[in-house]
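Visitor: Protein chains in written order, with the working numbering: chain A, 14 to 450; chain B, 14 to 450.
To be clear, the hints were calculated from the coordinates, so they are not data collected in a lab.
It cannot be assumed that every hint is accurate.
Intra- or inter-copy, both count: the list cannot distinguish identical chains.
To be verified - Within a straight-line C-alpha distance of at most 20 Å, the following computed SDA-like cross-link-like pairs (lysine to any residue) qualify:
| no. | residue 1 | residue 2 |
| --- | --- | --- |
| 1 | K330 | R134 |
| 2 | K367 | I204 |
| 3 | K343 | N368 |
| 4 | K212 | D199 |
| 5 | K343 | R416 |
| 6 | K343 | T366 |
| 7 | K335 | I28 |
| 8 | K343 | K367 |
| 9 | K367 | E247 |
| 10 | K335 | Q274 |
| 11 | K343 | P82 |
| 12 | K304 | P57 |
| 13 | K404 | V202 |
| 14 | K304 | S182 |
| 15 | K212 | P100 |
| 16 | K210 | T111 |
| 17 | K354 | D244 |
| 18 | K239 | Y271 |
| 19 | K287 | N401 |
| 20 | K212 | M150 |
There are 2 protein chains.
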Amino acid sequence: MISVEEARAIILSQIKVLGTEKVNLFSALGRVLAEDVLAPFNIPPWNNTAMDGFAVRAQDTRGASREHPIVLEVIEDLPAGYVARYPVGPGQAIRIMTGAPIPDGADAVVRVEDTELIDDRHIKVFVEVERDQDVRMAGEDVKQGTIILERGALLRPADVGLLASIQRSFVAVYQRPIVAILSTGDELVDIDEPLTKGKIVNSNGYSLAAQVLECGGIPIQLGIAKDTPEDLEEKFSHGLKADVLISSAGVSVGDYDYVKQVLKKLGADMQFWKVAMKPGSPLTFGIIKEKPAFGLPGNPVSAMVTFELFVRPALLKMGGHKRIFRPLLKAIAEENIKPVKGKTHFVRVRLSTKNGRYYASPTGPQGSGILRSMALSHGLAVISEGQNPIKAGEEVPVIVMDRSFEDRESMSLRIEETLTEDKDLHSHDPGHKEHCC
Amino acid sequence: MISVEEARAIILSQIKVLGTEKVNLFSALGRVLAEDVLAPFNIPPWNNTAMDGFAVRAQDTRGASREHPIVLEVIEDLPAGYVARYPVGPGQAIRIMTGAPIPDGADAVVRVEDTELIDDRHIKVFVEVERDQDVRMAGEDVKQGTIILERGALLRPADVGLLASIQRSFVAVYQRPIVAILSTGDELVDIDEPLTKGKIVNSNGYSLAAQVLECGGIPIQLGIAKDTPEDLEEKFSHGLKADVLISSAGVSVGDYDYVKQVLKKLGADMQFWKVAMKPGSPLTFGIIKEKPAFGLPGNPVSAMVTFELFVRPALLKMGGHKRIFRPLLKAIAEENIKPVKGKTHFVRVRLSTKNGRYYASPTGPQGSGILRSMALSHGLAVISEGQNPIKAGEEVPVIVMDRSFEDRESMSLRIEETLTEDKDLHSHDPGHKEHCC
Numbered sequence: 014m015i016s017v018e019e020a021r022a023i024i025l026s027q028i029k030v031l032g033t034e035k036v037n038l039f040s041a042l043g044r045v046l047a048e049d050v051l052a053p054f055n056i057p058p059w060n061n062t063a064m065d066g067f068a069v070r071a072q073d074t075r076g077a078s079r080e081h082p083i084v085l086e087v088i089e090d091l092p093a094g095y096v097a098r099y100p101v102g103p104g105q106a107i108r109i110m111t112g113a114p115i116p117d118g119a120d121a122v123v124r125v126e127d128t129e130l131i132d133d134r135h136i137k138v139f140v141e142v143e144r145d146q147d148v149r150m151a152g153e154d155v156k157q158g159t160i161i162l163e164r165g166a167l168l169r170p171a172d173v174g175l176l177a178s179i180q181r182s183f184v185a186v187y188q189r190p191i192v193a194i195l196s197t198g199d200e201l202v203d204i205d206e207p208l209t210k211g212k213i214v215n216s217n218g219y220s221l222a223a224q225v226l227e228c229g230g231i232p233i234q235l236g237i238a239k240d241t242p243e244d245l246e247e248k249f250s251h252g253l254k255a256d257v258l259i260s261s262a263g264v265s266v267g268d269y270d271y272v273k274q275v276l277k278k279l280g281a282d283m284q285f286w287k288v289a290m291k292p293g294s295p296l297t298f299g300i301i302k303e304k305p306a307f308g309l310p311g312n313p314v315s316a317m318v319t320f321e322l323f324v325r326p327a328l329l330k331m332g333g334h335k336r337i338f339r340p341l342l343k344a345i346a347e348e349n350i351k352p353v354k355g356k357t358h359f360v361r362v363r364l365s366t367k368n369g370r371y372y373a374s375p376t377g378p379q380g381s382g383i384l385r386s387m388a389l390s391h392g393l394a395v396i397s398e399g400q401n402p403i404k405a406g407e408e409v410p411v412i413v414m415d416r417s418f419e420d421r422e423s424m425s426l427r428i429e430e431t432l433t434e435d436k437d438l439h440s441h442d443p444g445h446k447e448h449c450c
Numbered sequence: 014m015i016s017v018e019e020a021r022a023i024i025l026s027q028i029k030v031l032g033t034e035k036v037n038l039f040s041a042l043g044r045v046l047a048e049d050v051l052a053p054f055n056i057p058p059w060n061n062t063a064m065d066g067f068a069v070r071a072q073d074t075r076g077a078s079r080e081h082p083i084v085l086e087v088i089e090d091l092p093a094g095y096v097a098r099y100p101v102g103p104g105q106a107i108r109i110m111t112g113a114p115i116p117d118g119a120d121a122v123v124r125v126e127d128t129e130l131i132d133d134r135h136i137k138v139f140v141e142v143e144r145d146q147d148v149r150m151a152g153e154d155v156k157q158g159t160i161i162l163e164r165g166a167l168l169r170p171a172d173v174g175l176l177a178s179i180q181r182s183f184v185a186v187y188q189r190p191i192v193a194i195l196s197t198g199d200e201l202v203d204i205d206e207p208l209t210k211g212k213i214v215n216s217n218g219y220s221l222a223a224q225v226l227e228c229g230g231i232p233i234q235l236g237i238a239k240d241t242p243e244d245l246e247e248k249f250s251h252g253l254k255a256d257v258l259i260s261s262a263g264v265s266v267g268d269y270d271y272v273k274q275v276l277k278k279l280g281a282d283m284q285f286w287k288v289a290m291k292p293g294s295p296l297t298f299g300i301i302k303e304k305p306a307f308g309l310p311g312n313p314v315s316a317m318v319t320f321e322l323f324v325r326p327a328l329l330k331m332g333g334h335k336r337i338f339r340p341l342l343k344a345i346a347e348e349n350i351k352p353v354k355g356k357t358h359f360v361r362v363r364l365s366t367k368n369g370r371y372y373a374s375p376t377g378p379q380g381s382g383i384l385r386s387m388a389l390s391h392g393l394a395v396i397s398e399g400q401n402p403i404k405a406g407e408e409v410p411v412i413v414m415d416r417s418f419e420d421r422e423s424m425s426l427r428i429e430e431t432l433t434e435d436k437d438l439h440s441h442d443p444g445h446k447e448h449c450c
């Protein structure tokens, strides 16, 4: 049997980042930027006034004071968004609003409160102003040509606004992985088919598609393949248009051989493993016509957990994400949790917080058919192979999949180092001890 | 001036949860369930075998042992997904695979390893089995009629799988708020219009629409309204088809009156405030023809921060979410941060972790025109009105908007109580001290 870390390292070492595509700003939200974005012009684009007031020639204000105000002629009154028609000459001023460009000829701003109207054409100026006083210089925020958003950035609303402010309506992002999903087994009926005795519903097709959507992929649901080489081959072939293939069931003993035989015929170089984990165990991975293909177990929980541990980081890597693993935290077990001999045991737990600590309690029966226990969980407690049983009150690391419990109570959290995983990801060292994703 | 808490309490007290809609499973991902979902049948639906083996009548195995095996007739071999054609009679057995329904007549399972084939019609049974041994009872996981998902649940992939497993292809969820967004000002040009001197790009329309998308709303971009009563009235009217109206700019002194006059004409009962916060300050809220309407400041950062503090929780409440505020954490300031006299100061900060603690450092110049400082930030440090200056090395509460920094280092976090806010949300007590969202 192969360990979870070994299997993951082997898989990730064969996953490549997808190509790029141009998308509009709103589609770019939550996507990973695939280009360095440079400022095409200075921000602000021109010298402008930081205050409401009068654009003047600084030298004209020399010696001005309350006692000896200087009188200037107001040649124009500039509403927001408009430019002066005339330059400011000696002894002249133009009324401007904050943000307005400094008119030609002017080199400083006198604040409105330092002036007084004489008539609608003249003002008294009570202060002497310096050159560039209350002037925001062109390029003060961002100089033309500097990088304002870097390749690899996960785009958020402020980035969308920033791109709009430089009039970029489309940007290059990494493509979303297209993922074909196939369920196999004569015992399966689909969500809208009669559920006759002996049959079970193809829930994997839906939970896996939802997991694909949640990590930014585009699912193609191929539906159910019967346990025949013909049907398996047809459905798998239809999946080859996708970037990734996922099948569930058909890789445990019994029907194992059909899938293996079909994948071989399709030119797959598949590696069939029993991975030392519970739930999970039977896992297939390989490359078919340059497309990564995952064969997941058929049990609903096993399928979701193996997706979480192996497929999710692969899809995030393909999508250009830097962060491909979930955070791990340390929680206090509220019940005893047994290790499983020779396997890493992933236990579905609900998380809560008390007195500044995390607490984890198993979500009832852990049968790998019991999807409800997955729906109830916030994360997966990780009990490594060969570890002692975890007693109630002892700490256990938990992979966090849902943080909805989080802001329920003031708390003090500890989250494990996971950057090492990112490192290992590139060194593909299967030996590291990290069990997180 | 009104405080941030007062403004927020007044706003949230007037926000109602929207109606429900039926959506398919994939569209339901990330939505809030608006019905209690009951199990329409037992899960598993019938007694089935927990092991590969032989379905038998327990009484027929009485006295069986290695030394004195009992011989049974194998009347059928059941592949996965099929039901027995014949009942199990005295002295008979049917071969079944894990998960297969227990055939009529049988009441227990003998594991394959406790048997031996004699010929293709007969087996030796080496053990005595109890009634119901290795039988998974109907309804063992979920009893028919019990609630498997509760109204108010935020739907995740496992929930989608669970719904599929009971053949629910559509579920009732709370509607997504439709949000009309209007930018006002003659100085604005749109993302694809020539940026002539004196003009600035309407970035607010895009950053606000992205914020609406991020919290589950559906944006309608009305574009730019000129500073004329006619244009404002036309655009605002078009916005009334939405559930919520958001305008930016047009509520500060100067042009304030137009907007006020138009909103009055549309029958609005608006409350214009100067909110004691920086960035932000001018804010309008009111109800127009039963639709909540927000007038946000025009500066790009002010618009985003006021959306974050006032509009986001309102949209989440309308969408049926229980959690409508961001988590708060305590971080160590890496620079001195000044309070602002008489105002709550929200400072854009980058977060990092060292030696198990959070650190917050301001993202450079904090001018409310500098969108880049917003794009660079992970959160908003909150310095309450009347508070002492925060010195480098002291703790400051930070509203977390982006957790991408988080799994970079092993750390020990402290997140503030925010449940109180949810409580206040219902009591609408403007007095509470919580500054988080």
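Visitor: Work down the list of hints and note, for each, if the structure agrees.
Guide: Verification of the supplied hints:
1. K330 / R134: The answer is neither: 66 Å in one copy and 54 Å across copies each exceed 20 Å.
2. K367 / I204: neither (41 Å within a copy, 49 Å between copies)
3. K343 / N368: Both ways: K343 and N368 sit 15 Å apart in one copy and 16 Å across, limit 20 Å.
4. K212 / D199: within (8 Å within a copy, 66 Å between copies)
5. K343 / R416: Both: 14 Å inside a chain and 18 Å across chains, each within 20 Å.
6. K343 / T366: both (12 Å within a copy, 17 Å between copies)
7. K335 / I28: Answer is within: at 14 Å inside a copy they meet the 20 Å cutoff, but 38 Å across does not.
8. K343 / K367: both (13 Å within a copy, 18 Å between copies)
9. K367 / E247: neither (53 Å within a copy, 54 Å between copies)
10. K335 / Q274: neither (36 Å within a copy, 50 Å between copies)
11. K343 / P82: neither (70 Å within a copy, 52 Å between copies)
12. K304 / P57: neither (47 Å within a copy, 36 Å between copies)
13. K404 / V202: Neither way: K404 and V202 sit 41 Å apart in one copy and 64 Å across, limit 20 Å.
14. K304 / S182: neither (32 Å within a copy, 30 Å between copies)
15. K212 / P100: between (85 Å within a copy, 19 Å between copies)
16. K210 / T111: between (75 Å within a copy, 14 Å between copies)
17. K354 / D244: neither (37 Å within a copy, 73 Å between copies)
18. K239 / Y271: Within one copy only: 11 Å inside a chain, 68 Å across chains, cut-off 20 Å.
19. K287 / N401: Classified as neither: same-chain Cα gap 23 Å, cross-chain 61 Å, threshold 20 Å.
20. K212 / M150: between (73 Å within a copy, 16 Å between copies)
Of the numbered hints stated above, those contradicted by the structure are hints 1, 2, 9, 10, 11, 12, 13, 14, 17 and 19, listed in ascending order.
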